[in-house]
Amino acid sequence: MSTEVDVLEQHIQSEYKYGFVSDIEQEVAPKGLSEDVIRMISSKKNEPEWMLEYRLKAYRHWLTMEEPQWSNVNFPQIDFNDISYYAAPKKKVNPKSLDEVDPELRATFEKLGISLAEQERLTGVAVDAVLDSVSVATTFRDSLAKVGVIFCSMSEAIAEHGELVRKFLGSVVPYSDNYYSALNSAVFSDGSFCYIPKGVRCPMELSTYFRINAKDTGQFERTLIVAEEGAYVSYLEGCTAPMRDENQLHAAVVEIVANKNAEVKYSTVQNWYPGDKDGKGGIYNFVTKRGICAGDNSKISWTQVETGSAITWKYPSVILKGDYSIGEFYSVAVTNNMQQADTGTKMLHVGKNTKSRIVSKGISAGKSQNSYRGQVRVNRNAENARNFSQCDSLLIGDKCGAHTFPYIDVLNNTAQVEHEATTSKIGEDILFYCNQRGISTEDAVAMIINGYAKEVLNQLPMEFAVEAQKLLAISLEGSVG
Amino acid sequence: MKLQDYIVADYSTKAEHLNGFAGSRFHALRQQAFEQLSTQSFPTVKNEEWKYTNVQALVAQTYTTPDTTIASVNEYCIPDMECIKVVFVNGEFSATLSDSLADIHGLTAGSLHNEYASNKDVIDEKLGTAVNTETNAFTTANTAVMNDGLFVNVAKNTIIEKPLYVLSIVDATAGNTLVQPRHLLLFGENSQATVIFRTVTLGANSSVTNQIVECFAERAAIVNCYVVQDDSENASIINTHNTHQNANSVLNIVTVSLSGAIIRNTVGTKLNEQNTEAHMYGLYVTDGKTHVDNHTVMDHAVANCHSNELYKGILDGNSQGVFNGKIFVREDAQKTLAYQSNRNILLSNTATVNTKPQLEIWADDVKCSHGCTVGQLDEEALFYLRARGIGERNAKALLLTAFAEDITEKISIEALRNFINSKIEQRLIQ
Amino acid sequence: MLQIIGLHASINGKEILKGIDLTVNPGEIHAIMGPNGSGKSTLASILAGREDYEVTAGTVLFNGKDVFEMSPEERSREGLFLAFQYPVEIPGVSTANFLKTAVNEVRKHRGMEPLDAMDFLTLMREKAKLVEMDSSFFSRSLNEGFSGGEKKRNEIFQMAMLEPTLSILDETDSGLDIDALRIVSEGVNKLKSSSNSTIVITHYQRLLNYIVPDVVHVLYKGRIMKTGGKELALELEERGYDWIKTESEETV
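Protein chains in written order, with my numbering: chain A, 568 to 1048; chain X, 383 to 812; chain C, 16 to 267.
One or more of the hints may lead you astray.
Cut-off 16 Å, straight-line C-alpha distance, at most; resulting in silico cross-link-like pairs (EDC-like, lysine to aspartate or glutamate) [said to hold, decoys possible]:
hint, chain 1, residue 1, chain 2, residue 2
1, C, Lys123, C, Glu93
2, X, Lys544, C, Glu104
3, A, Lys934, X, Glu807
4, X, Lys738, A, Glu1009
5, X, Lys717, C, Glu104
6, X, Lys538, C, Asp192
7, A, Lys1037, A, Glu1009
8, X, Lys717, A, Glu1009
Quick caveat, the hints were computed from the structure, so don't treat them as lab data.
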């Protein structure tokens, strides 16, 4: 038996590839949070008065709130006054073309495998790149504008499409929703805004890359996606951060509005720095993501591949308000070493004939703890609601843990709710069995992990599915043997 | 006489006619249970284990003792099924109606009452050890008056090719009737055998069968138990069926409930030694006022065992289905595989399902899953069939039969499988 | 084919095998019988390369090569197949995907081209018939939710797919009812040829009615106490293992 543990140990030595720090001149706000800091952020960004008011309201509300304690994660108390709430590259912020982007910055994104120029030329994926608090470049804006799609940084959106932003911001996740959404609403610095007008099928994948670079800063980005009647968009976000010994806070808010017959597909490949093998450093990822199927026949689909962060606390949710609307959640959450994840989804059935589907695949290795927490609620008038949930946990080695907390509340008797859960373990016996059939340990692990996560990876746009598959292999490299 | 009084009288009668049981462990068990019974009451819906099953009507009604003569049981047999027939009338073994049980190689079988004299040691060793009289008055009542039932002992390395068909006839023509059979089944090392249980009620009064089956599977034994519940609408059954399994043994138990008044099955197996395998299946296809309650207990006491449980229900009319499945994975039971699933289809607005899967896991290296569904017939599938020209009634029957066959296909005896499938089909097509 | 010379092995310092000598020639079927805890499954595990056991002395040659120099997967690719007593369940990996990986590894080792999807499917369908396995199993996760009997059938199906030269059936009969036992045995018999060999490990004689051995060995307390023809198995069934125990105590 000891051999199992040994080999497992040996294997838990995966390296975080994106842990470099870029040498970019930064403008960083002093640590701490106050109304003055909020005013400073707002004025740096030349925001209209309503925006500042919104931020201040959120901040005042935040002061009355307490940090939530219910999740299944443990970490030391965060000192919210020891964080800087704004960091930006000093050089020109709103480049007209890619040539104007700071070469060091461009190099940073090239290292991440996101060559902005290449992206523009070859892949046909529009990219918004966000470094620390600000968006540094958005590609393909012109071609998108031709079909009426707005894809830009949130700061620009506030400046140029103020009324649109004002209409939808906070409409799905009100600042009072929870502790971190209140904090985000007060201090968010940038993020992506995406608006697909009526009847438009967005001609390419939209994507945002988030990168935390500065030290002791938090990242509070804000994303808002609005799909008008009959619109379609597929959106992908990717995230990385340098290796630092201190924990860094990332508290984002993502809101999605899908109107009648609209469809939004939101995919995340989250690879924030998870900390070293002893649990030192890493990102605290406390994110509120929610979409509303506001119109009939609308559809919102969340797909996430989560491999990073020291602590993840995240429940992408769908409010199924329109009749015949559909909500989906597909997730692979990998934890290794000392990582902790408490993640899942909420499906709130409000309209009639709504459907939701939840497929959650947790993979735990090392000494990590991986929890699924999900809620399916069928309201009194939500006739003929359908839900299917599948929550599987895979344990690698014997020092990690997997937990499942499903909550099912059904208030209407025409509902059909199915929940299935399994827990399994890759142990020495499975690996020996594969060996005896001529399959090496490495191949066996890759085969099992990919087979296990297939249902979720299949949901990703093709080029990202390949990336995600590699990422899974890297994250677990060495965790089995 | 009401239930409790009737049991007291029954006990007194049995105590008067001890016939060599006096001073035996057998009788001591009865005495002990009888004393316990005076401190217990029959369960009400306040008892969590009986929350959805109200037996007060059975407790309150009066019972008489019938006097019955039956010439032939041919009409109560399963068509075309080759079997060894064991018949009980009002709880007592009938040698004349049963097939000969002598001269079957490796098999000792017969009336528990009659076999006690020659199998005293083995009966005393096992009887009463697979049930608990502390918690359930029905178990206590059965134990207090236990007298007859099937005794089976299959010898080591023996295969009994023909199934034992245990037919219990209850006569409720003159009044309400209570019978309390007690069956004890022992399967020796590396043996294989199949036992089928079925109850038939005569007459229109209420019949109550409070039956206990205690079953012991020795090392590497393969045991099949099939329980067919297709009795009259006034027939109730409280069926407790517990098995203890030793290493490498395999248990397949299929409980099919098609009609009756109140049906309560408490089916349990204890996986006492490593590498045992237990498959528990149940099907309830009900209408009218039939109430079917399936409580199951899968108790993984040791490592490396595998259990699998699938219960399916199709409920129509005002019928009610209850499922409560407990899986215990004890601290030492590492590498346990345990699957459980309960699936229900409601055909009417007035049918009810209460389902509660319950997993209690103390070991960490285990693979467990549970799932439950309550739903209606898949409208899209139905539409598809109709679009291919199949009438609505037939299309429904086709889908429902397919749903039910997941369970009936687990029955290894073709004649019995056909018998049950055709009963279900008739019901669904009507 | 297989030569075991003076094999001693222990687990956690406790000696389980105390000097095993056994030679299996091509085309032969050997049965190893013995009471529980005699070391039967330990022997199978050591031959396949399970690492829980420590080999303290002895040599095992498979086709002239020292098996202790080879990893479990190398032994498999060389043609040694173990039908597990307790096959594991592998979540998320279909039987088809698992076997395709395994078969192509073996082919690569033998210098053959990998099979493409179509040829592979044809091969699977053909071999599945041997053990009357339904093709719906192909797409299900390997062994997941299978009954004990189905898992054993799947083992023999894999054996048919991998075409080993030496197959070790470790208590393949346990958990099988009489009908399944017949099917599995027929499958094994159809796979038999003059160039491959089989070692059947069993506790009970019943299996040997269907897979008739050339040689029967009785393993007791880590040693082969008696070797004989197929009649020996019947004698063991009749008399139990106690007389072997008595005989062995007399000789010791």
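Against the structure, the hints:
no.: 1; hint: C:Lys123 / C:Glu93; verdict: 11 Å, holds
no.: 2; hint: X:Lys544 / C:Glu104; verdict: 34 Å, violated
no.: 3; hint: A:Lys934 / X:Glu807; verdict: 54 Å, violated
no.: 4; hint: X:Lys738 / A:Glu1009; verdict: 41 Å, violated
no.: 5; hint: X:Lys717 / C:Glu104; verdict: 11 Å, holds
no.: 6; hint: X:Lys538 / C:Asp192; verdict: 15 Å, holds
no.: 7; hint: A:Lys1037 / A:Glu1009; verdict: 14 Å, holds
no.: 8; hint: X:Lys717 / A:Glu1009; verdict: 23 Å, violated
Of the hints listed earlier, those the structure fails to meet are numbers 2, 3, 4, 8, in rising order.
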